[in-house]
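Asks: Sequence:
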Amino acid sequence: MVTKYFTAACSLGLLGVLTLSGCSSSTQAPSTLAQTLETGGALKPLQKHVELERADLFFDIHPDSKSVTGETTLTLSLSQPQQRLLLDLDNNYDITSLAVAGTRVNSFEHTKGEIRIPLPDDIKVEQSFNVTIAYTGQPHVAERAPWDGGYVWSETDSGEPWIATAVQGEGCDLIWPCLDHPQFEPQQTDIRIRVPKGLVAASNGRLINTTEGSTWSEYHWRSEQSQNNYGIALNIGPYDKLEATYESRYGHEYPLVFYYLRGQKEQAERLFAEFPKQLEFYERVIGPYPFYAEKMGVVQTPHLGMEHQTINAYGQDYKPGKYDFDWLLQHELAHEWFGNQITNTDWDHMWLHEGFGTYMQPLYGQYLHGDALYNTMMYDQRIGIRNEHPIVSNQPMAEDDVYKADRGPGSDIYQKGAWILHTLRHLIGDEAFFAATRKLVYGTTNPEPGNFKPHFADTQYFIDAVNAEVGEDMTWFFEHYVYQAELPELVSERDGDQLTLYFKSAANAPFSMPVEVRVGDGLKTIEVSKTPNTVKLESSDAHVVLDPHAKILRQRDYVDEYSAFEDQ
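When the letters of the sequence shown are read in order and numbered with mature numbering (1 follows the signal peptide of the UniProt record, and there is no 0), they come out as residues -29 to -1, 1 to 539.
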């Protein structure tokens, strides 16, 4: 691996006047390293005491060469003294200048996807300072976005450039110099995107202004709320837009915006008509749309989709769905609450994003059409559960450690996460469940515009919220469902008119659950634990159905057999 060292001979580019001189001796960027393609995990020692306050990002996009010229200014502070700073940036980029606190750095190292920067002695603890980095290169290309991250260089049917970024799985260092861990969220982000004239650049936050040059247009976006570093996104294409104003049930208004490819207005209008319907559901069931001060935005992309704060990616080509709503739009919108308003402290707790995000689809189906659709959608999710790894390990995890099924829970953070919530909801009731959910999302059970802001949370935070609402310790529930892979098994033994029920589970914690039992035409509720409980039936030939409304996530042989068949 080539190690690059830079000295004061490199010229410094400043935002607004971008000056890039060729400091690199390399004309072809190295391939992206495996470690750069991972994000999260244990915090690096040189990043443990760094606070990220603000990010000012400039991107000059060159579709013809599939290259980017950029400049990033990070406003940072330190909670403890240190002599060096460590940032992350893909080695596909050449750094052409770097300054700390407005002073050109004499030397720094950019190798193995990391930038090691000596800090001047006058950087004080808790004192804000800026790091400005100018860079250029051909960025990593996403082979199969959004599952593989990077830049997507595509074209519309008419041959115009259509470009997007999606880096949740690999991290922000594929597109800008950053601290590549979910803990680091800029409290304010300015994003300036320069594109060839005729193209539009849609991004996070509010559009501040557009500047026109002779051959280019520059779009300045600003987000004044903290946001995931992987959620900062560039979306570029020949876009038109649909706009409307949403009147919230909480007494305020905010803009709805959809950037769509020119020539597809009819399809775009059909999708756009779903925006207020879905927002009404979320605001009724969960609470206020978190980013009302900026926008609820969606952009058509050349990849399937991703939860980019206030500018969710949509790439499903307006395909009709079997559930009377666009599931992708609804799922990505869910992440404005579960993922952007509340962000997990570590990838290990990603089920808080994806489990809740997935559970919102059957809840929306129930909201629209009742229990039949809810139950159908829950069954569709049930047959996808694999139970090979615990949902949460309570260890620092990189993204791949969670999303790849051979290393972690994989898709279980979606479907199993949703079923855990389904079971919990039926166990503790709607009032307690949704109050705990609001506490998770907003940090309060009574969210109102102005009394909350984006925050971090983990699984224990949610458990504490549940405990507070229920009035008892529900840790046992999570021990069985979240912290171990194997599902509880409901065992039934029949001896004439005697029915014995008990749960088997690998977890050491107690387990007791009310189980509905249909006996003939009647319905009974029996408290079942690990200790066998025998009840007398009306007759020895009474027909018995356990848990007829499928309220409990439990081991089922037929589901396991079908899953094994599907996995062949």
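No lab work stands behind these hints: they were computed from the structure. Hints should not be assumed to be uniformly reliable.
With a straight-line cut-off of 20 Å between C-alpha atoms, the simulated EDC-like cross-links for lysine to aspartate or glutamate are [as the list claims (entries may be wrong)]:
| no. | residue 1 | residue 2 |
| --- | --- | --- |
| 1 | K501 | D444 |
| 2 | K236 | D161 |
| 3 | K266 | D161 |
| 4 | K266 | E195 |
| 5 | K19 | D35 |
| 6 | K95 | E24 |
| 7 | K212 | E126 |
| 8 | K212 | D297 |
| 9 | K507 | D531 |
| 10 | K507 | D538 |
| 11 | K212 | E189 |
| 12 | K424 | E24 |
| 13 | K501 | D512 |
| 14 | K248 | E224 |
| 15 | K248 | D342 |
| 16 | K375 | D538 |
| 17 | K507 | D528 |
Quick caveat: nothing in here was measured; it's all calculated off a predicted structure.
Asks: So if I understand the rule, the pair passes when the alpha-carbon distance is 20 Å or less; does K95 with E24 pass?
Replies: Roughly 15 Å between the alpha carbons, so the hint for K95 and E24 holds.
Asks: Are the Cα positions of K212 and E189 separated by 20 Å at most?
Replies: 17 Å, holds
Asks: Tell me if the straight-line CA distance from K248 to D342 falls inside 20 Å.
Replies: Status holds; Cα separation ~19 Å.
Asks: CA of K501 to CA of D512, is that 20 Å or under?
Replies: Cα-Cα ~26 Å, so violated.
Asks: Between K236 and D161, does the CA-CA distance stay at or below 20 Å?
Replies: 30 Å, violated
Asks: If you draw a straight line from the CA of K266 to the CA of D161, is it 20 Å or shorter?
Replies: Judged against 20 Å, a Cα distance of about 15 Å means the pair holds.
Asks: Mind checking the alpha carbons of K424 and E24 for me, to see if they're no more than 20 Å apart?
Replies: 15 Å, holds
Asks: Given the hinted pair K507 and D538, is their alpha-carbon gap at most 20 Å?
Replies: Distance ~41 Å between K507 and D538 Cα, so the pair is violated.
Asks: Is K507 close enough to D531, meaning Cα to Cα at most 20 Å?
Replies: With a Cα-Cα distance of about 31 Å, the restraint between K507 and D531 is violated, given a limit of 20 Å.
Asks: Going straight from one Cα to the other, do K212 and D297 come out at no more than 20 Å?
Replies: 19 Å, holds
Asks: Could you grab the alpha-carbon distance between K507 and D528 and see if it respects the 20 Å cut-off?
Replies: This hinted pair is violated, its Cα atoms lying about 26 Å apart.
Asks: Within a Cα-Cα threshold of 20 Å, do K19 and D35 meet the stated pairing?
Replies: 40 Å, violated
Hint violations for this structure: numbers 2, 5, 9, 10, 13 and 17, all remaining hints satisfied.
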